[in-house]
Amino acid sequence: MRSRRRTAIEEGTESSREVEQRPGVRGSPRRAAQRAQSEASNTRIFLKTPMQPVKPDPPHKKLSTHVSLKLDHVFQYPPKQLKLPTTKAENIAANISKSSSAFLCSKWLQGTNCVLIDETKSIKYAAVSIFIEKIRSAYSKCPPFLLIAQPKEISVWVEQLKYWTSQSISVCTSDQSERDTITDQQLLLDVNPTSDYGIVITNYEQFINDRTIIPYRQWASVIADDPSPKMPLDGLFAFHKTFVGTEFFDEYPSLETFLEVPPDAAVDPSTVFIIKPEDAADDYLFEENFTPCPMAALQQAMYIELLQESSEKIRSENADIKDLCEFASKLRALSSHPFLATDTPCDIMTASGKVPVLSKLLSIQRNDGKKVAIFCNSNMVTALHTIMTECKTIYTQIEANSTENEANILIDDFNHQQGHRVIIVPANYASLCLEKFNGETVFAFDTDWTPIEDGKLIVKWHARNSKAQIYRLITSDSFEYVSFAFFWNNRDKKPSNFEIPEKSDKTELFNLIKDCYRLAYKHLDVVHQMPRMLFKEIRVLQYSDKTAFPQNSEPFLDEYWTMPEKHLSIHAPRQSRPLTPAQFWTEPRLQRYLQLFNLYGWGRWEKFQEFGRPEGDLQKLGVLFLKHLLKTVEEGDKIYPNVLILIKENNKFDQKRLLTSLAAWPSVFATAKVEPLLGDVENKRFFYRLIGEKTVTSPDDIDLSLFENDLDNRKIDDVKKLLFSAWEDGLNSLSEEDQKYIRNLIQIAKNKPVKSDKTDKKTSTLISLRSCKTKFDSSSHDKVLNTLMSYGFPSLEKFMQAAGLMMYSPESVQNYVDNIIGFCQTSSDDKKKFSDNFVKRIVKYHSQKIPLRVKLFEKVRECSTKFDEYSAEDIEFLTAVSSHGLGLWLNSPVLLCACRGQPTEAKLYNRVKLIFEETKRTKVIQRIPEDFKEKMPLRINDMMMLRNIGKIDKRFFNDKYVYPIDYHVSVQSYSLIHKDTKVWMYCKIELNDEKLNFVIWPDSDPNSKIEGKDPDDVFNQYRLQLQRFCGQPVTYIDGHEMYGLTSPLVNILLQNMEGIDELNGYQKRYFSSVIPLTQKWPVIGQFEKEPEAMVIAQPKATVQTVPPAKSSGNVIPRKFKFKKRVFGDLPPPLVVDFAPLAADQSKSLALDFTTGPLTQSLVDAFSYWSDFSDFLPKD
1 MRSRRRTAIE
11 EGTESSREVE
21 QRPGVRGSPR
31 RAAQRAQSEA
41 SNTRIFLKTP
51 MQPVKPDPPH
61 KKLSTHVSLK
71 LDHVFQYPPK
81 QLKLPTTKAE
91 NIAANISKSS
101 SAFLCSKWLQ
111 GTNCVLIDET
121 KSIKYAAVSI
131 FIEKIRSAYS
141 KCPPFLLIAQ
151 PKEISVWVEQ
161 LKYWTSQSIS
171 VCTSDQSERD
181 TITDQQLLLD
191 VNPTSDYGIV
201 ITNYEQFIND
211 RTIIPYRQWA
221 SVIADDPSPK
231 MPLDGLFAFH
241 KTFVGTEFFD
251 EYPSLETFLE
261 VPPDAAVDPS
271 TVFIIKPEDA
281 ADDYLFEENF
291 TPCPMAALQQ
301 AMYIELLQES
311 SEKIRSENAD
321 IKDLCEFASK
331 LRALSSHPFL
341 ATDTPCDIMT
351 ASGKVPVLSK
361 LLSIQRNDGK
371 KVAIFCNSNM
381 VTALHTIMTE
391 CKTIYTQIEA
401 NSTENEANIL
411 IDDFNHQQGH
421 RVIIVPANYA
431 SLCLEKFNGE
441 TVFAFDTDWT
451 PIEDGKLIVK
461 WHARNSKAQI
471 YRLITSDSFE
481 YVSFAFFWNN
491 RDKKPSNFEI
501 PEKSDKTELF
511 NLIKDCYRLA
521 YKHLDVVHQM
531 PRMLFKEIRV
541 LQYSDKTAFP
551 QNSEPFLDEY
561 WTMPEKHLSI
571 HAPRQSRPLT
581 PAQFWTEPRL
591 QRYLQLFNLY
601 GWGRWEKFQE
611 FGRPEGDLQK
621 LGVLFLKHLL
631 KTVEEGDKIY
641 PNVLILIKEN
651 NKFDQKRLLT
661 SLAAWPSVFA
671 TAKVEPLLGD
681 VENKRFFYRL
691 IGEKTVTSPD
701 DIDLSLFEND
711 LDNRKIDDVK
721 KLLFSAWEDG
731 LNSLSEEDQK
741 YIRNLIQIAK
751 NKPVKSDKTD
761 KKTSTLISLR
771 SCKTKFDSSS
781 HDKVLNTLMS
791 YGFPSLEKFM
801 QAAGLMMYSP
811 ESVQNYVDNI
821 IGFCQTSSDD
831 KKKFSDNFVK
841 RIVKYHSQKI
851 PLRVKLFEKV
861 RECSTKFDEY
871 SAEDIEFLTA
881 VSSHGLGLWL
891 NSPVLLCACR
901 GQPTEAKLYN
911 RVKLIFEETK
921 RTKVIQRIPE
931 DFKEKMPLRI
941 NDMMMLRNIG
951 KIDKRFFNDK
961 YVYPIDYHVS
971 VQSYSLIHKD
981 TKVWMYCKIE
991 LNDEKLNFVI
1001 WPDSDPNSKI
1011 EGKDPDDVFN
1021 QYRLQLQRFC
1031 GQPVTYIDGH
1041 EMYGLTSPLV
1051 NILLQNMEGI
1061 DELNGYQKRY
1071 FSSVIPLTQK
1081 WPVIGQFEKE
1091 PEAMVIAQPK
1101 ATVQTVPPAK
1111 SSGNVIPRKF
1121 KFKKRVFGDL
1131 PPPLVVDFAP
1141 LAADQSKSLA
1151 LDFTTGPLTQ
1161 SLVDAFSYWS
1171 DFSDFLPKD
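Positions 1 to 1179 (UniProt numbering) are the ones given, in order, by the sequence shown.
The reader is advised that the hints may include incorrect statements.
Here are the computed lysine-lysine pairs in the DSSO-like style, where the Cα-Cα straight-line distance is at most 30 Å [said to hold, decoys possible]:
(1) 506 with 330
(2) 276 with 506
(3) 995 with 1013
(4) 855 with 866
Worth flagging that the hints you see were computed from the coordinates, not collected in a lab.
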């Protein structure tokens, strides 16, 4: 577009003579300003005095105009074109930043509105800043620049403008935290911009609400940064306007209005400058966090030893380029991790200094919930697999020999996952990963990959994710550091090129090796630990800054070739820890194990000695194979009962953790032979009957006297040889005919009765017996009393579990409890029958309270099923108390939420009393909206959310609960990965083969599902896993409570659903209050003081009176409620009778009395002034 104003500028005429008329504005902004200035003596603009900002700030505060409007600028536009100076910031800027800022300057001087599109979302800051700095430096009376930005971008703009310019910056927004100390009025109405500030920053909300003031100021240029497509940009009358976007400008419908393009015209392409990612990549406009890592002790010792051994060879004239490259390759491998440089087994976690640094950084990423990619040498992938397993990090691994299609599948799967996780990527697939990567962090574990080769992809990744960061791990004072510093100054020389003779220069490589000796001589005399303040050691490297690693000019001394005497002596490496199962069981070893397992089955662990693993580890792996093979066979537990018994006897370990640590498990398990393996293990005991002894050294040791008539015309010696061969080499090593023959013999042995004097020693089971405790010590006595007081005595089994008395026999616990209750209920004379030691253990307090508490809990458990007498709110609480008592509330969401996260025995006891003492009960009839299913999820309490109410099936209910199909709830519970940490646990009811299946899993690991036949069963499994993980007993968990089936919200929704009336026998509940329907998710660990306001409109509830519940005895005596306050010893009370004065008609009364000695503090505590005029006679 060529406006009349621009035409006048190009022709050298006065732009004020011919001004484009706009609706609602007479003439140009300058004329409006001149008129305002000429009328300033007669007209003033007054606004209200602004009030002090209130925290939190309101969403918007309009500008005040209580001061006079002064427009006394003498700047004439277009200005006389001068040669724009070169600013200091321009000297360090990249080429694309310079060219884009030069474009903006040229359009400003021409008076042409323009567009800057930054597809990298990062270069626009430098371009606009340099543009402003050049214009303000050239023209001293230039008005300020107005920058309109999104609220979240204002802090970024302020930081960048301060870095690139020397101009004063003022933020003018409604947010006090963003605004400068200068008030809005001073900024826009009273201060001369030529002397006080150069850049004013505001947001679009401020601009829209104060467009009667902001657009009519004189601005050197109005810069609109990335407005939303629907943002109105009309009404801006400035000398010059710049539109800054991050996408192509066709995405902004209001662009033509902003640029003053006529309706029938298009934006002139010459006014548009587009910054491409390729431009940023060519100028190296990306950065990374340079993270130095100290060498570990073993790593440093091996590094110095290599330098010492190779010193003479390297410094001699006979060393050729191949020798230098081989030496450089060893140095670089040791610098990264000794695992890459030696065949000697080493501890992956402690052998390299990079591992603890990586572990620390990963823990920070985990806390922030960020997704991470680790780029590394292809040989380092296996070691990183071990590191991720030890760090308990969820990860995906791309093998170096994977095809491109396989790598794409793994990357896509990783991108679809949520939350913190890691993908390990070999350097040859780094480009493929960056093209799609949606994570926030990249770790470059070594120097095999650098951003130079993927600059364009790095810039695009930064444009997709503003929080993108790269961390480069470099071992300090090593060849890795030296080669990376050389690469920084010579971008065409990759660090890995020094290992290839054809790509290396002998002189350059020799100088790098000399730098290694110099650094080792100076710094590698002590072992350095990882710095405590790790982030202080990290520095940001801008790839456009080639001065980050200054070249070393220090002369090389001959003494550097020999290590100083004070350096670390090379000790024999300490014996490393045994490899974990995740480290040891690689795919070849796992395949070999399965091969031996197919041959020998269960029990022949001496045949597995080649692995060098403990017998317990071998058994655990065998249990995993048998268990998963058994699942593949329909009714396998009935077909192979001996296998099932074997699994149950040896399954006391964390099977899920072991299974997830075996990366090669899916591919190896798929090759297992199901029926032969299960059949051989099932009949192993009967094979022992054939050979007679488990340890057989020759065919002569086999006794076939019981089977002489069953050998099918074969010679007994031939059968013995055949059995010995099966014993020694495995049954499956024989021919198919021999295998069939021996299996027939096994079936004969299975059906043949065994004489008592020929008992099979190999099938016997050794059972170790221990005597249960019968004598109760003081600690166990206290457990019994405390459990009786806080839990009652529901049943012997539950009582023993709650009290932690499983080491005692049930009979002894029952007798001891009976003696305690009997002692408390007997008279003082009868108590003499008990022993003195027993009497002393039960204090008077317990003897009075225990019977009442036991009866109280009996009543609680009885009333928790009286749905017609107690409301759903009371039933939920009584059910929780009956399940957990008054002291075991740690795993009860209901009790925790009832006391706002801080339950005590006194609080819970008082609430139980209030429920039973209530004489008048109300019934609230609440209408539920018909579309309540569309409002899901709904908040149950501060620890639970109802995600889906499901569908009622008349087959699945009982008198207390309904089990809807696809019912889904989230509840806060303890993690099975991180101790003392609560996570969201998803609980769902599914229909599987016409049977209900109850499933729970944590939100962080959807694959870790626990299934059961009912809520209590599935949460009991979870409790046992949690108990094994924590290493200490875990109290009872009520599955129905965790599923939310006892909550009033779930019950009122179920009672308003279709099909509820068809459930014969189901007892409906009534409600004593309006159940709030809120959608706000609770925060883990936080409890709200007041219930949330309802978000779903509901009709008013109807209140009815419910007859009081019948009392079942004086279990809880009613007492006068009072607040106890201790003031010390009180004197006898003074009783004054005012009855004689009541008949007195006097208008005023006075009373004098004296008492014994009183302290002033006591008088102050009980004295107060009051107005008794209401009690006096009236006139």
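Status of each hint after checking the structure:
Simply put, residue 506 and residue 330 have alpha-carbon atoms about 17 Å apart, close enough for the 30 Å limit, and the pair holds. For the given pair, residue 276 sits about 39 Å from residue 506 by alpha-carbon distance, which is inconsistent with the 30 Å threshold. A C-alpha spacing of about 9 Å is found between residue 995 and residue 1013, which places the hinted pair at or below 30 Å, so the restraint holds. Restraint check: the Cα-Cα separation between residue 855 and residue 866 comes to about 17 Å, which is no more than 30 Å; the hinted pair holds.
Comparing the model with each numbered hint stated earlier shows that hint 2 is the single one that does not hold.
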